[in-house]
Amino acid sequence: MSAGSHISSPIPARIVIAVSAWISAAVVLSIFLFLAWFCRPLLDTTVLSSLLSWDWRPFQGDFGILSMLTGSLLLASSSMLLAFPVGMGICCFVHGVGPPGPARLVLWTIKLMTSVPTVVYGFVAVFVLVPLLRDVFREGSGFSLLAAILGLAVLVLPTVVLMLHSQFLTIEPQVRLTAAALGMAPSQKLLHLVIPASGRGFLAAAILGLGRALGDTMIPLMLAGNAAQLPGSVFDSIRTMTAHIALVVATDSRSLAYLSLFACGLLLFMTTALINLGLRMLAGNRENGS
Amino acid sequence: MTRFHRLFSALCWACALLPGAVMLLLIGFLLRQGWGSLDLHLLFGDTPPLDALFRFVPVWDGIWPACFGTLCVVVLAGVISIPLGILCGIHLSEFAQGRFRDILSFCVDLLAGMPSILMGLFGFALILFLRHTLLPDVGTGLLLSGFCLGLLVLPYMVNATYTSLSSLPQDLRLLGPSLGLNHMQSIRHILLPSAGKGIVSGLVLSLGRAAEDTAVIMLTGAVANAGMPRSLFDKYEALPFYIYTTAAEYQTPEDLNRGFGAALVLLVMTTGLFLAAHLLHQAMERRWRRG
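So the protein sequences, as listed, match chains A and B.
Each residue of the first sequence is one higher than the one before, starting from 1 at the first, in the working numbering.
Each residue of the second sequence is one higher than the one before, starting from 1001 at the first, in the working numbering.
Simulated from the structure, these hints should not be mistaken for laboratory data.
One or more hints might be untrue.
The following residues of chain B were derived to be distant from chain A, with all beta-carbon distances above 12 Å [what the hints assert, rightly or not]:
hint	residue
1	L1053
2	L1151
3	Q1170
Computed footprint of chain B on chain A; a stretch qualifies when at least three of its residues, placed anywhere within it, have a C-beta under 8 Å from a C-beta of chain B [to be verified]:
hint	segment
4	46–59
5	109–121
For every residue, glycine included, the Cβ atom is placed at its ideal position computed from N, Cα and C.
Between the sequences and the hints, there should be enough to build the whole structure, so can you do that?
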């Protein structure tokens, strides 16, 4: 290699690196632009109002997406309401309530859970959870809001636990001496020192888990029954925005049906962006605070 | 301890039993239902395995086409995301500064949080767009799925590279300049090789993620009965999609058994990749712990 190539080689390499970095950034932008482009007809108020209605009856010309929006929000928030306390319990167990050996085992199991494909969770739930619900409650087919809540709670549990775990890891050393000086038991330390001090981390874990729950497709698609309606009880079937996108692509091909799909997509994109902004603000505040 | 604290401890124990119970139930159920069907017949049906592997004889009642399709999309996703992700990670960790760095890392975070169905919808929109403009007769297929899956796992690659590089100890960063290497040379010859295990661990993890995702491929060209793909633009079968369609519309007990077999195969595959990534990551941490 000549001396010249030593001097000149870094510059193109550096350009290649910078260009690929900005290509990666441009991906997000182009997703947004594509969704926005296909949502152009929404600027017309009559089209917009026909989408923002409660009825989805494509054969009669009703293309409302509000019941999908409600379905998504209802399902994601209820499964988080279930997963968050359980995740908190698991985290407290890992951080002192349980003995070290089982604690490591539990944490390891949680990490292993992240590697299970969503479709496998869904598959097993279809053949275990759904018949169980059908037999226990004797209402409907078992494909219901409740089945999807339980399935989704299992899916987001590792996300919540791992976020809480990293939060506990940062708080715990700060209060360790105080707790030891006061002679606190592990559960007392967690309840009175660690948990009150980690409000922000909890919020971040909840937001992240909610985003994961809102964005998941396979669990609601396989378990929730996919009827586009407002559920009267947890035994009713619902349809989420994500499942709606999957179903419309698979079946319908009329223009307003497609429009409803891109509208759902744009809503999901906005939600994801908001969630990320929220997380970033939480992280930024923490950096400024300390 | 008060009764309240005892109750709290009991609740924690109860919660801690749940993940184990769920995993045991999941694995136990799959093994009980799928163990019997785990053999060459599951993969190749009545076609002789060697003919199916090397002479592309069609396989009708086996999951080999689905395995092959998954393999293809994972390779394509890797081809797209690995170079792009590693380079972007290097840029984030070594070169990007100030406001540009913030924007870039926000974009990567946003991409990481993107629901996978949106990536599928993006691919679908891309095809609609191309049909209206340049190429009136393109359709969804292998290449599109690979592309979208590549975008889906791109942020994981970026973050793996970024965190591996930035967790290297300071003395390694000084080693390059002290030997008279410029920044680029020291990245190439010192930092990247040292962070290699961490990067490869992230790479393996993201390939596992690409192999298991269903929402992207169901919008971009996976179908139930395609057989083996003949070109990059052909429709194809994939394991996760096969599992999904089996759950939704199986006809016979044999269909169902193949579904259980397929679920077991996919689970073993992703868990295997996960464990490999875990071991690599641990090896990397052990090596640089002193830093």
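Against the structure, the hints:
no. : hint    : in the structure
1   : L1053   : holds (25 Å)
2   : L1151   : violated (5 Å)
3   : Q1170   : holds (21 Å)
4   : 46–59   : violated (count 0)
5   : 109–121 : holds (count 13)
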